[in-house]
Amino acid sequence: MSLAPQAMTGGFADAPVQSARAFRAALDALSRPGRIVAVEGVQPPAPLSVAAGVLLLTLADGTTPVHLAGAFDCAVLRDWITFHCGAPLVGSDAATFAVGDWSALHPVGRFAIGRADYPDRSATLIVELDHLTAAGARLTGPGIADVAHLSLPDIAAFQHNRALFPLGFDTFLTCGDRLAGLPRSTRVEAV
Amino acid sequence: MEDYNFAYLDEQTKRMIRRAILKGVAVPGYQVPFASREMPMPYGWGTGGVQVTAACLVPEDVLKVIDQGADDTTNAVSIRKFFSRTAGVAVTEATTDATVIQTRHRIPETPLQEGQILVYQVPIPEPLRFLEPRETETRKMHELEEYGLMHVKLYEDIARHGQIATSYAYPVKVEGRYVMDPSPIPKFDNPKLSGSAALQLFGAGREQRIYAVPPYTQVVSLDFDDHPFVASKADHDCDLCGAGASYLDEVIIDDAGGRMFVCSDTDFCAGRRAAGHVGRLGEAA
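Top line first, the protein sequences correspond to chains A and B. Be aware that the first sequence starts at 1072, since it is given in this note's numbering, and climbs by one per residue. Be aware that the second sequence starts at 2, since it is given in this note's numbering, and climbs by one per residue.
If you're looking for bench data, these hints aren't it; they were derived computationally from the structure. Hints should not be assumed to be uniformly reliable.
Claimed, not checked - Calculated cross-link-like contacts (lysine to aspartate or glutamate; reagent style DMTMM-like; alpha-carbon spacing at most 20 angstroms):
hint : chain 1 : residue 1 : chain 2 : residue 2
1    : B       : 174       : A       : 1188
2    : B       : 174       : B       : 138
3    : B       : 154       : B       : 224
4    : B       : 234       : B       : 158
5    : B       : 141       : B       : 158
6    : B       : 141       : A       : 1260
Unchecked claim - Simulated restraints on C-beta separations:
hint : chain 1 : residue 1 : chain 2 : residue 2 : range
7    : B       : 198       : A       : 1144      : 24 to 32 angstroms
8    : B       : 133       : A       : 1084      : 47 to 55 angstroms
9    : B       : 284       : A       : 1134      : 28 to 36 angstroms
Glycine included, every Cβ here is placed at the ideal spot set by N, Cα and C.
Using the sequences and the accompanying hints, generate a full structural model.
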């Protein structure tokens, strides 16, 4: 098999340090829902955003199956993830990480929500958005001092996910080189 | 240091720990299993905390390590030196200057800020373990939110001693769901767990568990309506700095019954003395 040249480039130049900074940004985002952070260090092939690429290279490896949804399930991205992460590419039900735009990821009920005795065995969705701003849906819960706002692609799906707590999937929202976190613990309301 | 990867651990291990930390943050108080590695220190010396710290550190961090509140004890000094060498990070003893604080059994007196991460070293992460030794059973109890046994234990304290005698590792409930062991911090520190501006991460190396309390998360110490939780401390002021509201260590100073009480948080005490506060046995700076 032959790989496209762009499948083999665009990774971290200094993985230990760059992935450490990327993880701190992701940790900051997930532990403070509504906060939008910028990340850098990778240049993934289209249609994957820089932020989604950074998350995959920081968190995914041979032990974490990845699902590519919709238009993201293309040869160059499959090759890029295989080359840089070594992650198995799988269907939605077996995925630890799932990447795509919201319409392709929907219905999100097909992703793992963990088990009652092991709620950590759940999927993490990386949702690619056209715009990501600290406005829109009203967020409350752990990590939020008072109220936060975030431009979510959906309300009902995240409300249903919260109702499953402590089960449920966790979400990163990505747009360009910026990302925000939405753990299952966050309560979402339309404004 | 050229001989080791940044922050000692290999990248595969750090990814695994980072995924566990993120799941821990998403389910506050739930103990996420992780494949704890052997570290160049014995179990019981903070191998869990060290692995969590290693997975979180960036080169720009300023690290503080405390052992029972003190910056200058063996455990704190050796871990600080370890990360100074393997991650090249700056180190400090000042709580306010630190971005990451690894702690054994205390929460600093100085309130933590946004952007700080507090990493706890945890010996036994399972709060129900001394009541029910079987992991299969305690897991089922967490699953079913069946925490009656813990209340029986606290009740037996009252029946036997007239009050809840548990004074450290006092069980808490996080966001109304999981009962959590806050590590063996004195119960004096329990109120600081709740609504903290800092992210709190817990690592248990031997027991292979990571858990988390995100910022601004509700943490309630278990109690009864007629025996409410009391954050107790020794009924003295610090003999060095005169502080009346900090957690105190009792120090025997001679063989004739002489003793003194000093702040367990050395940075807090030194800061107060530098600001001119003087206690019963202190000398003016």
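Verification of the hints:
no., hint, result
1, B:174 <-> A:1188, "17 angstroms, holds"
2, B:174 <-> B:138, "19 angstroms, holds"
3, B:154 <-> B:224, "11 angstroms, holds"
4, B:234 <-> B:158, "18 angstroms, holds"
5, B:141 <-> B:158, "25 angstroms, violated"
6, B:141 <-> A:1260, "32 angstroms, violated"
7, B:198 <-> A:1144: 24 to 32 angstroms, "41 angstroms, violated"
8, B:133 <-> A:1084: 47 to 55 angstroms, "50 angstroms, holds"
9, B:284 <-> A:1134: 28 to 36 angstroms, "58 angstroms, violated"
Comparing the model with each numbered hint stated earlier shows that hints 5, 6, 7 and 9 do not hold.
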